[in-house]
Amino acid sequence: MHIFIIRRLLQLIPVIIGVTLVAFLIIQLIPGDAAQVMAGEAASEEQLEQVRENLGLNEPLYVQYGLFLADLAQFDLGESVRTGQPVMELVAPRFWITLELAFWGLVVAVSVGLFLGILAANKQNSFRDFGTMAAAVIGLSMPNFWLGLMLMYVFANQLGWLPTSGWGDWQQIFLPAITMGTAGAAIIARMTRSAMLEVIGEDYVRTARAKGVKERFVIYKHALRNALIPVVTVIGLQFGYFLSGAVLTESVFSINGLGRLVVDAIAQRDFPVVQGTVIVLALTFVFVNFVVDVLYRVLNKRIELN
Amino acid sequence: MTTKDHTPVLKVENLQTSFFTYDGEVKAVDGVDFEVRENETLGIVGESGSGKSITSLSVMQLIQSPGEIIGGKIELNGDDLLQKSKAQFAKYRGNRLSMIFQEPMTSLNPVFTVGHQVAETVKIHKKMGKREAHQEVIRMLKLVGIPAPESRAKSYPHELSGGMRQRVMIAMALACEPELLIADEPTTALDVTIQAQILELIKRLQESTGMAVMIITHDLGVIAETADQVAVMYAGEVVEQADVKTLFNRPLHPYTQGLMNSIPRHDVDVDELEVIRGTVPSPAEMPSGCRFAQRCPYASEICNTHPSLAAPSNNIDGHTDAGAVRCWIYTDEWDAEGNPMKNEEVQQGS
Numbered sequence: 001m002h003i004f005i006i007r008r009l010l011q012l013i014p015v016i017i018g019v020t021l022v023a024f025l026i027i028q029l030i031p032g033d034a035a036q037v038m039a040g041e042a043a044s045e046e047q048l049e050q051v052r053e054n055l056g057l058n059e060p061l062y063v064q065y066g067l068f069l070a071d072l073a074q075f076d077l078g079e080s081v082r083t084g085q086p087v088m089e090l091v092a093p094r095f096w097i098t099l100e101l102a103f104w105g106l107v108v109a110v111s112v113g114l115f116l117g118i119l120a121a122n123k124q125n126s127f128r129d130f131g132t133m134a135a136a137v138i139g140l141s142m143p144n145f146w147l148g149l150m151l152m153y154v155f156a157n158q159l160g161w162l163p164t165s166g167w168g169d170w171q172q173i174f175l176p177a178i179t180m181g182t183a184g185a186a187i188i189a190r191m192t193r194s195a196m197l198e199v200i201g202e203d204y205v206r207t208a209r210a211k212g213v214k215e216r217f218v219i220y221k222h223a224l225r226n227a228l229i230p231v232v233t234v235i236g237l238q239f240g241y242f243l244s245g246a247v248l249t250e251s252v253f254s255i256n257g258l259g260r261l262v263v264d265a266i267a268q269r270d271f272p273v274v275q276g277t278v279i280v281l282a283l284t285f286v287f288v289n290f291v292v293d294v295l296y297r298v299l300n301k302r303i304e305l306n
Numbered sequence: 001m002t003t004k005d006h007t008p009v010l011k012v013e014n015l016q017t018s019f020f021t022y023d024g025e026v027k028a029v030d031g032v033d034f035e036v037r038e039n040e041t042l043g044i045v046g047e048s049g050s051g052k053s054i055t056s057l058s059v060m061q062l063i064q065s066p067g068e069i070i071g072g073k074i075e076l077n078g079d080d081l082l083q084k085s086k087a088q089f090a091k092y093r094g095n096r097l098s099m100i101f102q103e104p105m106t107s108l109n110p111v112f113t114v115g116h117q118v119a120e121t122v123k124i125h126k127k128m129g130k131r132e133a134h135q136e137v138i139r140m141l142k143l144v145g146i147p148a149p150e151s152r153a154k155s156y157p158h159e160l161s162g163g164m165r166q167r168v169m170i171a172m173a174l175a176c177e178p179e180l181l182i183a184d185e186p187t188t189a190l191d192v193t194i195q196a197q198i199l200e201l202i203k204r205l206q207e208s209t210g211m212a213v214m215i216i217t218h219d220l221g222v223i224a225e226t227a228d229q230v231a232v233m234y235a236g237e238v239v240e241q242a243d244v245k246t247l248f249n250r251p252l253h254p255y256t257q258g259l260m261n262s263i264p265r266h267d268v269d270v271d272e273l274e275v276i277r278g279t280v281p282s283p284a285e286m287p288s289g290c291r292f293a294q295r296c297p298y299a300s301e302i303c304n305t306h307p308s309l310a311a312p313s314n315n316i317d318g319h320t321d322a323g324a325v326r327c328w329i330y331t332d333e334w335d336a337e338g339n340p341m342k343n344e345e346v347q348q349g350s
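Top to bottom, those sequences are chains A and B. Note that the first sequence ends on residue 306 in the numbering used here; no numbers are left out. Note that the second sequence ends on residue 350 in the numbering used here; no numbers are left out.
Don't read these hints as lab results, they were simulated from the structure. Here a beta-carbon is modelled for each residue, glycine too, at the ideal position from N, C-alpha and C. It is possible that part of the hints are untrue.
[Claimed, not checked] Rough simulated footprint, nothing fancy, chain A against chain B, three-plus residues with beta-carbon under 8 Å: (1) 87-98; (2) 101-108.
[As the list claims (entries may be wrong)] Straight line, CA to CA, 30 Å or less: simulated DSBU-like cross-link-like pairs of lysine-lysine: (3) A:K221 - B:K142; (4) A:K214 - B:K154; (5) B:K203 - A:K221; (6) B:K142 - A:K214; (7) A:K301 - B:K130; (8) B:K130 - A:K214; (9) B:K142 - B:K130; (10) A:K123 - B:K86; (11) B:K84 - A:K214; (12) B:K11 - A:K123; (13) A:K301 - B:K142; (14) B:K86 - A:K214; (15) B:K203 - B:K11; (16) B:K126 - A:K301; (17) B:K123 - A:K214; (18) A:K123 - A:K221; (19) A:K214 - B:K73; (20) A:K123 - B:K73; (21) B:K11 - A:K221; (22) A:K221 - B:K127.
Hey, can you work out the whole structure from these sequences and the hints?
Below, the structure is given as structure tokens:
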């Protein structure tokens, strides 16, 4: 198991290099002169030179990348070209907010998704099955921001049970978490259902019944443990999507997270901030995938990493 | 070996199991009767689709939808099993009757250790605690001949060979000393040398516990090696039933004869093995008469009527207690109809 984790960590190195390279190239890929774009049309030649100097754009590409990596290793993501604040200071607090939001979204997605998936699989082709799966399709098809607005309208505006927006209070968690988790719940429900149905037909489930294991344990112990293996992967991916997809939910509920930061930064052409956010999100995604791999291994003893 | 006055451990009467598909009802098992006594092994033999596996799964009540047991009676030492509720019957499974399957590769749950899986049985039925169950697991694994049982108990199924997994299955099935063990093609997926070991193991354990054993197989070699009584199944019915010596010395049903002639023998030199022409009739076009008639070399007018399973009539020289056969040839009607085929000539086939 330790060897597995170490090997898996070593495999992360090229992935991280790739991620940083892509993030680094963002600035290079801006059409035209990056300094011009950032400084604006009216900037004088001196101002442009200043921006180039600050960003190190006068150096050769590989030197720039080297400097970029060296800074990154010291958790230095550069400064915002608008406010001059270090990007790290802008990103860090918002990152926690987004992480928290994604976490609660995941709680909704996993609990509702697993519950409905098992419920549907247990009575295949019943009314319950069709009902659950129809609900899943609706949940999946609903635009996230629209669902957010509807929830806000009903529960905050009409019923007045929950606050409309903001972040920090426990009451403020519900609506954004549901908004975020609904589509994920739908995907997890469908995945759980199909995985359960597949596993229920396996020989070892029959063996469990032949041993006299009660039907409840046949389903929740012998079948579910195996069905969870593919579901865990989907859950991990969902978490990644939640992080990157937080933009919409954050906008709807006026939550000052990473999503809003990046949207604002793009609007203001504050590329160091965009770059910093991309790196933080990408590295988080990579880390989540690593955790999923380890979990996968814990659940499925047959995985060997060659 | 067999004492007739003993009440049977398992008594199956007129068992009917059907599958309800979109194309209509498929009678997989259609009126099967048999008995297994203490310390006795019943072999059920037949080709794929003969209903032998469905028969065994019916006894364990492991038939899944769209299949259903639609009639008959299954008694375990006098207890009517089909009258039990699901919860009541769960207490029998793995406890008073248990089963091992064809595929040891897929029959064990890949995410639990084998020790855990064997322990589960005794925890459920014997209400053993963790430590006690562990002791029992080690004892059982040793009993079925697994080397280093202490460390093997911590292994996952994929870390064991097919033969070892089948031993684990046997340990699991026998942990509660069942009155009846059903083995559905227990050696089919294994190497020949391992096959012999597994059969030997089952036999040894039967001798020490006196349990009744039902072996389901398509392999007459396995039958010859293990069974005391044999039931030959064809298209959902038992077509011949006899003790193993009688059956091999003098197979009566043309299907049984065909089966015997289609396997190579070491004592007779033949250039070509016989085959049974044709295939099993599909359930949709099951003939109303004898189900083997289409493939039977002796088929006659009378075979359009369904024969019943009965002791052969006296006209077979001195073999009145030769079990039972579902074939018109061994009835008085056959002679009365003046069929050209004499019994003596039929016998030459074997």
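Tested hints:
1. 87-98: holds (count 8)
2. 101-108: Result for this restraint: holds, n = 5.
3. A:K221 - B:K142: holds, 27 Å
4. A:K214 - B:K154: Answer holds: K214 of chain A to K154 of chain B is near 24 Å, not above 30 Å.
5. B:K203 - A:K221: violated, 33 Å
6. B:K142 - A:K214: holds, 27 Å
7. A:K301 - B:K130: It holds: about 23 Å lies between the C-alpha atoms, which stays within 30 Å.
8. B:K130 - A:K214: With Cα atoms ~19 Å apart, K130 of chain B and K214 of chain A stay inside 30 Å; holds.
9. B:K142 - B:K130: holds, 18 Å
10. A:K123 - B:K86: holds, 17 Å
11. B:K84 - A:K214: Judged against 30 Å, a Cα distance of about 15 Å means the pair holds.
12. B:K11 - A:K123: violated, 33 Å
13. A:K301 - B:K142: holds, 24 Å
14. B:K86 - A:K214: holds, 9 Å
15. B:K203 - B:K11: Holds: K203 of chain B and K11 of chain B sit about 21 Å apart, inside 30 Å.
16. B:K126 - A:K301: Distance of about 29 Å is within 30 Å: holds.
17. B:K123 - A:K214: Measuring from Cα to Cα gives roughly 12 Å; hence the hint holds.
18. A:K123 - A:K221: Status holds; Cα separation ~17 Å.
19. A:K214 - B:K73: Judged against 30 Å, a Cα distance of about 24 Å means the pair holds.
20. A:K123 - B:K73: At roughly 28 Å apart (the allowed maximum being 30 Å), K73 of chain B and K123 of chain A satisfy the hint.
21. B:K11 - A:K221: violated, 34 Å
22. A:K221 - B:K127: holds, 18 Å
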